[in-house]
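There are 2 protein chains.
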Amino acid sequence: MATRACCSDKKLPVNKQMTCNFSFKLTATDGAARTGKITTAHGIVPTPAFMPVGTQGAIKGVHHDDVRAAGADIILANTYHLMLRPTAERVAALGGLHEFMHWPLPILTDSGGYQVMSLAPLRKVAETGVTFRSHLDGAMLELTPERAVEVQILLGADIAMQLDECVRLPAEPADIARAMRLSLRWAERGKRAFEKAPAGGALFGIVQGGDDERLREESARALTTLGFHGYAIGGLAVGESEDVMLRVVAATAPALPADHPRYLMGVGTPSDILKAIARGIDMFDCVLPTRNGRHGLAFTRFGPINLRNARHADDPRPLDPDAGDRGYSRAYLHHLVKANEMLGAILLSQANVGYYQGLMQGIRAAIAAGEFEDFRCRTLEQLSQGDIAPLSDVACP
Amino acid sequence: MATRACCSDKKLPVNKQMTCNFSFKLTATDGAARTGKITTAHGIVPTPAFMPVGTQGAIKGVHHDDVRAAGADIILANTYHLMLRPTAERVAALGGLHEFMHWPLPILTDSGGYQVMSLAPLRKVAETGVTFRSHLDGAMLELTPERAVEVQILLGADIAMQLDECVRLPAEPADIARAMRLSLRWAERGKRAFEKAPAGGALFGIVQGGDDERLREESARALTTLGFHGYAIGGLAVGESEDVMLRVVAATAPALPADHPRYLMGVGTPSDILKAIARGIDMFDCVLPTRNGRHGLAFTRFGPINLRNARHADDPRPLDPDAGDRGYSRAYLHHLVKANEMLGAILLSQANVGYYQGLMQGIRAAIAAGEFEDFRCRTLEQLSQGDIAPLSDVACP
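Sequence order for the protein chains is Z and A.
With the numbering used here applied, the first sequence covers 1 to 397.
With the numbering used here applied, the second sequence covers 1 to 397.
Check the hints yourself; a few may be wrong.
Note that the list lumps identical chains together, so a pair holds whenever it fits in one copy or between two copies.
Said to hold, decoys possible - With a straight-line cut-off of 20 Å between C-alpha atoms, the simulated SDA-like cross-links for lysine to any residue are:
#1 K37 <-> A368
#2 K338 <-> L136
#3 K196 <-> Q382
#4 K338 <-> R317
#5 K37 <-> D65
#6 K338 <-> A93
#7 K338 <-> R90
#8 K124 <-> G200
#9 K196 <-> L141
#10 K124 <-> G303
#11 K196 <-> G31
#12 K25 <-> T131
#13 K124 <-> S271
#14 K124 <-> R279
#15 K25 <-> K124
#16 K338 <-> T87
#17 K25 <-> I44
#18 K338 <-> N78
#19 K196 <-> H63
#20 K37 <-> A365
#21 K124 <-> R181
#22 K37 <-> L105
#23 K338 <-> D137
FYI, nobody ran anything at the bench for these hints, they're computed from the structure.
All values reported here derive from a predicted model rather than from experimental measurement.
Construct the complete structure from the given sequences, taking the supplied hints into account.
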């Protein structure tokens, strides 16, 4: 089942094939769920993988060392933020993002398209690319498919993403179709730019098409024909219900080549992840572990816990004896959260990053053992025991 | 030179002597500078010692493990904050502060008097004690010398402080004298309360007297006659110049018994510490390492550095190759500080805690080698090379 994704690109003459350090090997399947190994110049990523989000070149509130210790094999960084500050050119001059932030393992960078949509106070999408106003200093900037690739190569990403146009849902069918087709043309331009660049690494295409399965399939097949190292499903977790998200994932994943990684962008809750893996997804990213940690919420095997809740004030038990939270009591964590002590945000963010990585380890082991369905059901049932409403219907912000 | 401080209290009949786990042994002197060892139930503290401040039971922005790794042998926690939240009774029910916050080494708690002065929106000092309004919920509370001791015993402090009245400088001579004499009467009541309590640990008296050397000497001699495990100089770093502070320290330290530790409360900058040690001080606490870290300031052997400064944006050098800052570049730290990333505050707070502990280690080694004067001069000269004005005239907030 092994494929060196980049080198299997038969459509290019040998001298035009990208020199890359990327391969994906499928190691087991269990229903639609899969385990695999992504190999990059900075190390191996077992899949299904969850990527903690280091938006500005740092995982919020958690030391890189603790992110590694939690078991993360890869992180995500945001092109939009880093191109504005400190700028891709500066990061490149300082040796690239791995060197800059002292993270020696693989890094995936997004293309900036999603943040342009969600953060820039003004933006104009044209065939060429997207012009937008920086949310930091108001400067007008342009991101083209070529520039998005250039920026990500300057950053030194192991996995770069094509520039796409991401439409917030619900949206008009015509707008969804237009954005999907534009994203496809940008995918082709992005790929050409990537092939011209001397750097190694991988480029993923991004499936768009909103909540329309037909458009999603069309997008997936067209991207597969173009040929990428991996394929992402974008434009989800942008306002739709969990049902819609899972329906789109279920329709899209089978339309993508089995021997390449599939990445569901911006997802999600533990429940979302379990359900998406059951539909053939290999990679995830989400800010939930750290964002919730900063807000006093802890993920545990027995569901999410709100540490602000007064009922934890006298509770000597740790969040979870196995969850890598250094065994601090719920009473202490409650105190830190109530007192707005940074250490509360730090410990909970770290515990949540640990929880997510532990979940992924459990998932990988279950798939390898052919017991994923049992694992998924048992875990979903356990998760409903937390002291706050299950997050299963909350799309990842 | 060894003295078991608590057990050498000759004024009490043997059956009234406090059962305690505290001793101080002077190990070397170099001029007025001294090294020693404080032994407590939770471990040994080599002096001169700097205590990072864990106001609410946490060092702001730094994992306990990293505080220990930085070399801290003792921390300070604030009675005022902890008695308000989560309350001393709750901490006691959860096993005491060491267990609550997972800090296994010695803890000194202040008496709450200073925070009542600086934080409570309303306070009334009477012979009985001080009545004040909680800055958290507006509740009216009373702190008496007896209650201050009780709270600190509930917290499980290795070293407790008597309740004192701290006067902000400049102040009227009559008010300074009144507060000093009241603090002396409270010292006596605090000592009686401490002797009645079953707990071990130590109680320190606090010298008051503002900027008046004569009053300071009177306070020091009266406290010595009462007999405490150690002696603090309070009511400094409250608005006076460095000159005044050092003048008072120089007049007070010789009036305190040589075989007991001397603690200069709330001080200070590296320069303050070096100069106070040259005048016979053994213990310090200050929020500067963590507060400055949160504000983008790094202490280094070559003076303080303001990481917000744009001139660090492209600088690949770490703060100090030996300073335990994990080698992150100034460029990365600058980026984190500018981007308000929590990791910036974390890394700089940690580096600053490490700097202070490294400074104390250097000081102890220099005194032991009889080279303190040379060390002090060399260090003060190095410190003037930072990119911001030396902090030597800044009293510790």
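Hints, verified against the model:
no.	hint	result
1	K37 <-> A368	within (12 Å within a copy, 57 Å between copies)
2	K338 <-> L136	between (31 Å within a copy, 11 Å between copies)
3	K196 <-> Q382	neither (50 Å within a copy, 51 Å between copies)
4	K338 <-> R317	within (18 Å within a copy, 38 Å between copies)
5	K37 <-> D65	neither (22 Å within a copy, 34 Å between copies)
6	K338 <-> A93	between (42 Å within a copy, 19 Å between copies)
7	K338 <-> R90	between (39 Å within a copy, 15 Å between copies)
8	K124 <-> G200	neither (32 Å within a copy, 71 Å between copies)
9	K196 <-> L141	neither (23 Å within a copy, 72 Å between copies)
10	K124 <-> G303	neither (42 Å within a copy, 48 Å between copies)
11	K196 <-> G31	neither (39 Å within a copy, 71 Å between copies)
12	K25 <-> T131	neither (38 Å within a copy, 70 Å between copies)
13	K124 <-> S271	neither (35 Å within a copy, 56 Å between copies)
14	K124 <-> R279	neither (35 Å within a copy, 68 Å between copies)
15	K25 <-> K124	neither (40 Å within a copy, 73 Å between copies)
16	K338 <-> T87	between (37 Å within a copy, 13 Å between copies)
17	K25 <-> I44	within (11 Å within a copy, 55 Å between copies)
18	K338 <-> N78	between (31 Å within a copy, 16 Å between copies)
19	K196 <-> H63	neither (36 Å within a copy, 46 Å between copies)
20	K37 <-> A365	within (13 Å within a copy, 52 Å between copies)
21	K124 <-> R181	within (17 Å within a copy, 73 Å between copies)
22	K37 <-> L105	within (14 Å within a copy, 44 Å between copies)
23	K338 <-> D137	between (34 Å within a copy, 13 Å between copies)
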